[in-house]
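Starting from the two chains in their separate frames, assemble the complex, guided by the hints.
Below are the chains, spelled out letter by letter.
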Amino acid sequence: MAYPYVHEREVRMISRNFGDPAARTLDGYRERGGYRGLERAFEIGPAAVIDEVKASGLRGRGGAGFPTGLKWSFMPKAGVKPHYLLCNADESEPGTFKDRELIRWDPHQLIEGCLIAAYAMGSRHAYIYLRGEFFEASQVMARAVEEAYERGFAGRRILGSENDIEVTVHVGAGAYICGEETGLMNSLEGRRGEPRVKPPFPAAVGVYSMPTTINNVETLAAVPHIVEHGGEWYRQWGTDKSPGTKLFCVSGHVEKPGNYELPLGFPMMELIEDVCGGVAEGRSLKSVIPGGSSVPLMDVEDCRECTLCYEGVEAAGSMLGCASVIVMDDRTNIVREVRRMVQFYAHESCGQCTPCREGTPWMTQVLRRIEAGRGTESDLDTLLDMSAQMTGTTICVLSDSAAAPVVSSIEKFRDEYLALIHGGERVEVA
Amino acid sequence: MLTQDERNRIRAEAAHYDHPQAACVEALKIVQEHHRWVSDEHLKEIAALLDMSPEALDSVATFYNLIFRKPVGENVILLCDSVSCWIMGYEGIRAHLKEHLGVELGETTSDGKFTLLPMACLGTCDRGPAMMVGNELYRNLDNDKVDEILARYRHPSGA
Chain A
697 MAYPYVHERE
707 VRMISRNFGD
717 PAARTLDGYR
727 ERGGYRGLER
737 AFEIGPAAVI
747 DEVKASGLRG
757 RGGAGFPTGL
767 KWSFMPKAGV
777 KPHYLLCNAD
787 ESEPGTFKDR
797 ELIRWDPHQL
807 IEGCLIAAYA
817 MGSRHAYIYL
827 RGEFFEASQV
837 MARAVEEAYE
847 RGFAGRRILG
857 SENDIEVTVH
867 VGAGAYICGE
877 ETGLMNSLEG
887 RRGEPRVKPP
897 FPAAVGVYSM
907 PTTINNVETL
917 AAVPHIVEHG
927 GEWYRQWGTD
937 KSPGTKLFCV
947 SGHVEKPGNY
957 ELPLGFPMME
967 LIEDVCGGVA
977 EGRSLKSVIP
987 GGSSVPLMDV
997 EDCRECTLCY
1007 EGVEAAGSML
1017 GCASVIVMDD
1027 RTNIVREVRR
1037 MVQFYAHESC
1047 GQCTPCREGT
1057 PWMTQVLRRI
1067 EAGRGTESDL
1077 DTLLDMSAQM
1087 TGTTICVLSD
1097 SAAAPVVSSI
1107 EKFRDEYLAL
1117 IHGGERVEVA
Chain B
1092 MLTQDERNRI
1102 RAEAAHYDHP
1112 QAACVEALKI
1122 VQEHHRWVSD
1132 EHLKEIAALL
1142 DMSPEALDSV
1152 ATFYNLIFRK
1162 PVGENVILLC
1172 DSVSCWIMGY
1182 EGIRAHLKEH
1192 LGVELGETTS
1202 DGKFTLLPMA
1212 CLGTCDRGPA
1222 MMVGNELYRN
1232 LDNDKVDEIL
1242 ARYRHPSGA
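Protein chains in written order, with the working numbering: chain A, 697 to 1126; chain B, 1092 to 1250.
Which residues of chain B face chain A? A partial, calculated answer using Cβ under 8 angstroms:
1. His1107
2. Gln1112
3. Ala1114
4. Lys1120
5. Ser1175
6. Cys1216
7. Gly1219
8. Asn1226
Treat the hints as calculated values from the structure; they're not laboratory data.
Glycine included, C-beta positions come from ideal geometry on N, C-alpha and C.
One chain only, chain B, in its complex shape (with noise of 0.2 angstroms):
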């Protein structure tokens, strides 16, 4: 069940538009917030609010990157995979991020901590390779840098 709160900011984004239905992505967005991806409960939930069939929704859910209809762990690592990335050193980094974390692309760590997924074009060209993880960018990256960012994501308390 979404949260009352959750449905009130969703009618709240519904109200700037003409239309409802324009007001899909965010409502997603909202719903992962909390709960991190959007199960098949939520989604008709969503859909109901905009007055839109489950399928609309689910077809515009799939079609987005950032919108997950599967778990994903607590935070999930975008690695920037484009050209400027990939002439600046991304196999390498990826490399890494695989051993460290011990998952292969798409995957969930076992402990949930995070998920690594390539992303298109971060738009950060000029201090490749970039990643972000939730809503933080990080760039210029090297092996060591991706090793003292993933150890604040898993004790965040910054010891």
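Bound conformation, chain A alone (with noise of 0.2 angstroms):
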């Protein structure tokens, strides 16, 4: 199998299937082990899931990192209410390409994650939303819920139990803001996918006011081999506090970029020397974004000592994120760059809060004005200053996000600003 780039070093587990299409169908993904740990769930109860899930010390791959055993046994005990789980398959993150993938390749991996986490919490109700662009991954997994229901996997007492669990697949229709938890429950109950004040928490209040636990593609995927093997087998890859292992996104300047499953802990420098190649022939590495473009850039001299795990990647001043791992060489004007994403932060404002929905263009103007030579050196103050009041100030974390390049590029990068500012030209960084 030729995955785009496969690599000795990875530990592939989730992303096992990638690369053959048969194990789409169901018959195919039974073969190669699927649905195991589904039937091993429901032999030792929802509280020993939670447990082992627990036991795995699995953390929330859509970024913040939260455990997942934890959350899910924030849920309130099943009984009048109902319970709603959601796949959080919006993703839309840039810099980031793995639940796309999880998806087409390997879906009933996730449908088998969705219906152990729903018993689990005693949710009768999984819906995955699909981001709207995510046109041929929609149709697979349409499919392969089709297929699941006819097969007894999904729907009325699977496999023979007394468990019924429906399982809807939502597409959205294009607005990252709904990657936001309380964002895509308001986009699936059919409104503007504004984010909500929080507390209430979703565990409380979610979905049609229910109790609600929302869970990333990629974190589901995992679920049905911790389940399987046991929360401490989960544990031999990864370290003490990021156990298991997790997809690496890598894009940019590297010879092979692709997703790569690797135990958490794995030194930066050699995912991005060893397993992808490197920077090309004679240029040199400039900076790497390591969690997708709303985490703090990293210079060379962070990358040297930084471990891909979450307390690795905040020791070097960043954060891990979803893993999406973007690469820049000397070649990149990190201005622009900055600029972009920034640009892009002030598109997909849902412009509750002022501080995001003023402060992410206004940066904007700021980082034009700078990049086309005419800024000052007080701009520089000017875009701190701002990043501070956009920090912490607003319902959700887009405009945190907003402001982390910028501060970072900043600190970081400070000469190519000021070449810019005085000379209108960028200088090259060795």
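Have a look at this one:
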């Protein structure tokens, strides 16, 4: 198999079926060991499933890294009120392309993960919210769900048990903010995808004001493996604080960009140089964004000692986020790329909160001015001042996300800003 | 007027949810399938079917990038303009598309064949620059590849 690129140092658990179209059918998935996690879940019962997931130390793969088992345990006991499980497949963080692959190569793995999660939390309805642009993925998913219903893996009396779980694929229509969990809930209800004020948290008041848990595709894809083999088994990979494997989406200036499933704690330079073949001949590494466009930029110094786990990237001054590693070599105009990212947030701001609605376009304007050689040094202070006022002041973190690349780039690549301000040209950084 | 088929499909979608409003984005997409965009008249009809006010539905329709409240061309081009595509040469592709089609971003060609829109990250960053034409995704674009793709949509017979 030559799924775009594979590497011997990968641990292919959730990505084991990438590049293997036969795994898309229910029979193909079963032949490859699929649905054994669901069978075991039904044997051991909901409480034991949550215990296994807690023991595994699995952390949410959508960016925040919150412990999954703990999140599940926040759900009230199943009772009169309906409970909902939402699978967040609205992958739209710039630089991220893992969920699309998990869905299009292995849809049943995701269905199995949803069923186990729903069962553990006493939810009888799981919604898979896919972004509108994922046309092919949504077709693959819809077919797989249909097949699961036909074969008794979804709907009433799953696998002959007493358990009923409906699975519905819901497709969005293009809005980054719907990836924010409360924005996603509003969107699912047929409203504008505007984030809600927390608290109340979704486990108490979620979709239709009912208890709701939202998990990322990659989180749910890991669940069948954990439940089948046990939480301790999962801990053989990764670090104490970041157990297991993670898909790393590497894009930008490397020879072999793509998805690689590696144990958490993998050294960043080995990912870039050994696994991805490094930057092109004759070029040198300039900056890396390790977790999608909403985390701080790193310079080469930061990268050298950085290990790719939640605590490792934090120690290096950034965040693992969804492990979307954007690599930039010495050709990159940092100011322009930062402006591009901020402009994205300006377009995708839902407009509820003033610091975000006003701050993101204003920042874009100031960055454009600097880019065009008409900036002043005081513009840098203005940008930092705005960033401070846009961080921690809004309903959701979109505004913080726009500020992160601005602050970090001024900190790490101030020379590039100054060169544009003073000379109207950028300097090459050795 | 919506066709009977459109009405039936919208009602079927609404049946998947506890509240009919949850199907409103899907309903807008069903109407777009045939009409390409959502007119005021269609908006009102959909709203009535789903127990919503036209204003509430319009506020939803205008929120989402893929719901069009103005006429668009036969083929909508969504050009990914997020960071990884920029790093990999987005600006050159954008310039080429604009020149080739003779339109700016947000405009429709005079023959009504194409509307060119910038789009938030398409999630295929390892193979940028990328764009979608209708529901098809195209990656690792260069100018020749763009020409070849557009020609296919101009002459669907494959001539």
